[in-house]
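Visitor: As a plain string of letters, each chain reads:
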Amino acid sequence: MGIDSSKRLMLTGNKAAAWGARLAQVEYVPAFPITPQTEIVETLAKWFADGTLKGKFTNMDSEHSMFMAAGAGAATGVRVFTASSSQGILHGMESIYTIAGWRTPMVVVNVSRALATPITLEPDHNDIMSVRDCGFIQLHAETCQEIFDFILIGYKVAEDPFVCLPVLVNMDGFYLSFTREPVLIPNEQKIKKFLPEFKTSQPVFKASQPMARASAVFGGSTYTYFKIQQDLANRQAEEVFLKTSKEFEKHFGRFYDVVEKFNMEGAEFVFVMSNSFSTKGKDAVLKLRRQGIKAGLLKLRLFRPFPATAIADALCGHDNVAIIDQNLAPGMGGITYPEIVASLYDRKNRPQNILSVIGGLGGKDITEGDFLSIIEKLKSSETKQPFYLFGKKDEENFERLQHLAISNKEAFQS
Amino acid sequence: MTTLETHYKKIKDLHHEEAVAPGTGLCAGCGGLEGLRLGLKELGNDVLICNAAGCFTLLSVYPFTPLKGSWLYTTMGGPVPAAQGVRDALDIQLSRKTLTEDDNLSIVVVAGDGSSNDIGLGATSAALHRKLDFIYFCYDNEAYGNTGFQLSASSPYGSSTQTTPSVKFHPVGAELNKKNLFDIWRAQEPTYIATVSPREPIDLSNKFAKAKNLVGPRMFICMSPCPTGWGFNPKDTQLIAKLAVDTGIFPIKEYFEGKVIHTKQPRRRLPVEKFLETQKRFSHLFEPERKSDVIEQIQKTVDKYWEPYE
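Respectively, the protein sequence lines represent chains B and F.
Just so we're aligned: the first sequence equals residues 9 to 422 in the working numbering.
Just so we're aligned: the second sequence equals residues 1345 to 1654 in the working numbering.
So here's chain F without its partners, still in its complex pose (with noise of 0.2 Å):
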């Protein structure tokens, strides 16, 4: 069912080594930090991270930083064109013999799904043309988190956010249906593409350790419950993150020489109304009374994404 090479099968068997300290600005139980940091233990400390405006801005406040590795801070649509930039420079100065291979520094983009949907998606498709050496790390919280969570193009179909409140009149809330990142990437056929999620370290280790060795644009977009925004209490971003999965809500897979794969489908699909009402953002499905209509059309479109693999 799976071509993932699989150099881990246990926990355990993870790397021991952080590559990010504790004691960050960021929200207690944000599931983008989690994933990010299991990612960063793939990659190990020889990395440079671009990155956009947004909560994970907050990792590195002058002057401290929790990263082993280094970090630039750029715009909200810049940290793409900034990693070309570094890029091409460690490029020149590497056949030029002015600089080691011990040197060279995996360049990561560490971005929002506001960033990586909206305001920088241009710049990056202009990467992917290019076919820029780098991985992309989308911290996918579903909306513009750190301005107090407010729609983007990530927001899902249902959802409620600051700027698509459920009123009377749009009873929805967000009636748009989320963007299609990891297609939009699949269009520019990169090396490698991955969802993942905290909830599933094995899967997001082994992913990193491919991606890790391979050359090109690498990305991974990472489920990210977020206990502010999605309305819900700090310790349930596991069962969150599970609920994602399990619902298909979120399908867990990748995109390798020109194949996607579920790596981790699930084998009986949990009705999604066990993911929505735990959190916030949906209860005026449930309040004051069942909105069973857009709930069934959430439904429907879940059931119709994983009709060809089932």
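So here's chain B without its partners, still in its complex pose (with noise of 0.2 Å):
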């Protein structure tokens, strides 16, 4: 037992999440660079440089090259971290499923940020909700110290043999990856006796063991076999993590959970969140508390594998829930939404008022005021969906774009 008192450093989400890789005593790392994530690649290329760092960092030509050296390497039997973003996500999209089924355990870190069309860099979901069906164990971090024990947990979990699948640690880009927070360090000697050196626990590639990998199969049977095979590695990492993560308490006195329960007790009112904008939440439940409104809040954590049986008890008895997705799938809504929901439907005491809110695109803040919002639009009879978050300043920018569209399209036709 004993907490830590080793040191505490400030650091940015991305720092967090360099150390974390250093501590996990990474061996490969092939990178690409991508804002908002650079800072972390940067940082690792400068250890592996100065011999802070033993092993080999990569220089790629793309994600989609990066993700596939990430997926060879570690079926070859090192210990392999790599970082993206956004769009690099997306051209990596075709590597990222390929790597999930070769079944390689490495932890890659994904600092979210919106996608194209149009191009931004401040962050929102999409990107991470992208690969929520590729066979990923995700993990959605709030804090600058969670990134960092996500991902000393994440390799546990990935090279546990009945898993052995990559792990996604998810940040906000620009709101933690750029902000600084105080973040325990544990001494290495400690993080040793958590996560020892890297032991593969299946064949990797030598020529004493020859082996074919990822061969092709024909009729839907095998495919089926395989696919099943994936299901049931991802489902049982729920189990696997919940172990690892008290055994991470023993060593380290920090405890996490499937979700994040916040003033859950007697709560009238649940937002349902997830990364660094549950902050935010928190801090609205607070205030709301203080004006005798009884709000509570639930943090997605572990988001694949969906961790249905903990949400739905975690709702089950509170009568108005918001789910908010930072999000968004045109002409569907919140991509969460409707997975919560499936998981309350056999529940009789499932929350009665269940409202979808769409917020927090494309770096767009979530306000005091929007959660004020939320709580309104739930006491009311109106049951149109999605809720989307936006304010008086928002609609009148919406305006001014109007209008410039409007004499664009008048400049045009004169």
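No lab work stands behind these hints, which were simulated from the structure alone.
A virtual CB, placed ideally from N, CA and C, is assigned to each residue, including glycine.
Hints may be right or wrong, so weigh each one.
Quick partial rundown of chain B residues pointing at chain F, CB under 10 Å, derived from the structure [stated by the list, open to error]:
| hint | residue |
| --- | --- |
| 1 | K62 |
| 2 | K64 |
| 3 | G79 |
| 4 | V88 |
| 5 | S216 |
| 6 | V225 |
Computed Cβ-Cβ distance ranges for the label pairs, DEER-style [as the list claims (entries may be wrong)]:
| hint | chain 1 | residue 1 | chain 2 | residue 2 | range |
| --- | --- | --- | --- | --- | --- |
| 7 | F | N1557 | B | A224 | 49 to 59 Å |
| 8 | F | A1531 | B | A224 | 29 to 39 Å |
| 9 | B | I414 | F | N1524 | 45 to 55 Å |
Covered by chain B, per the in silico footprint, the following chain F stretches (three or more residues, Cβ under 8 Å) [what the hints assert, rightly or not]:
| hint | segment |
| --- | --- |
| 10 | 1386 to 1395 |
| 11 | 1446 to 1454 |
Starting from the two chains in their separate frames, assemble the complex, guided by the hints.
Guide: Have a look at this one:
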């Protein structure tokens, strides 16, 4: 037992990720820059160059190549780390699906950034949601400490013989990637006791062990067999995560459940959120409670595998739930909303009033006033879904943009 | 005339041991497979093949493999970065002494001309820039063969493919010239490049024997007659491969230490139509009437290529 009293550093989210990789003793980092992730690979490049990290840092030519090299490296028996974001995730998508099927353990950090078009640098979650079905495990971080801790926990989960899958740790671009927070960094020896040097639990490429990997299959039955294997391994990761989390607590004094419940006792209004904006949500909950409004928050942490039971257990018994998606599937709405609703379907005491909220797109803030308007919306009888978060100032901006479009059109026609 | 080290002089000298077992899912008479079979005899069993989507993906269909070495199917554009990942991981373990030299592998990329010229070329160029230590084997059947023979950047002028059929307004078929993959590679100064033909097994084997002991990027472009795509009887593969060399359409050469040398220069080139007339993909050049201008154009291109060497 014993809470670690080793160093406390002021780190940005990106630096916390680099420290996580460093203390996980990663051996191989194929890298490609993309804002707002670049600081991670820059930091690691320096550590490999000055000998702090032993192994190899390879500058790759694209995310498609980077993820491919990462998977191939992991299939050859070294501990691999890499990071990406946004368009990089999309460009690497084919490789991401491919290496998930290779069942190669590794940790990848995604620094969330909205997707084009329009092109922007600021965050939302469409990038991380785009890889929700690829077979990677996903952990969503609220703080810099969580980023650091999730990387250590992530390797242990990824390398578990019952899992053998890549783990994606997600953080918000800018809001977390460039925000300094105090991060407890345990000493190296202590970390090595929790996460020893990499020893593969599966066969890897070497001359004395010839094997064919990722061979083609024909007939739906064999394909189905492999996909069910992937599904079972991914589902198994929930239990492995909890087990690892308990072990992590023993070493370092911090425990992470698959979801986090914040002021959920007696909460009449619950916000479901993820990543760094949860901090804003928690702040709003405290203020609302002081005003006598019984608010609470459920933070999603382990997103794949999807902890449906834990989510349903946490939400049942609460009347009003607002699921805040910082993503948008045009023509459908929020992406986590239907997944959460589905997890509640067979519960008798499920919440009666569930609101889908879309906010925080492309770096747009979610303000105190937004949380109040969500409460008002939940109280009202209006059922129109989803509820888009924008205020007076945004409306003025939207109007200005429309005028711009109209005047352009007139100029074009004249 | 050649600086090629001659390990072998006769067919009898070649390795007797096979590295590719018979009974694969590839077409009968596949010229590329014969090239790979001969090449792998030289390279031995301590290899890992990183494969791109294409005909040769059918070599390993779960749960079977005809190979004595290892295999990793990747994606159509990803075999070279996968080779980078494996090479890096092996080097890391060798330097840490967690892997013995006995357990080291040669990394071989096996990709078709579509992957090599089109979708995978960017990633390949990057690996050449990084001086990745690997061998690239491109089986060149001059089209996207596995999907039913559509135009690739390697399809020659005048050939008919599914996406460049010879029709009234486009009688030629493919109107573009074949991309020069050899020179594209050469521009990045790799360690070694060779073109090989399954019809020239001694030349092919000597080139693999030489490349095997070199370090850095090494490329083999293998002329791969394709019975299904080119339209000929599988028993004629060797004949057609021979005609490709004898007409000068497919020059057998190598690039090493800054120099290009033709290792099998035809003494007296046969007219190109001797090659063209054997295949259905060129039949529109002869029927219903002879397209002399197109045949002449093809002959001119070949003549121009050989002019400095004859």
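Visitor: Looking at the structure, which of the earlier hints fail to hold?
Guide: Violated: hint 7 alone.
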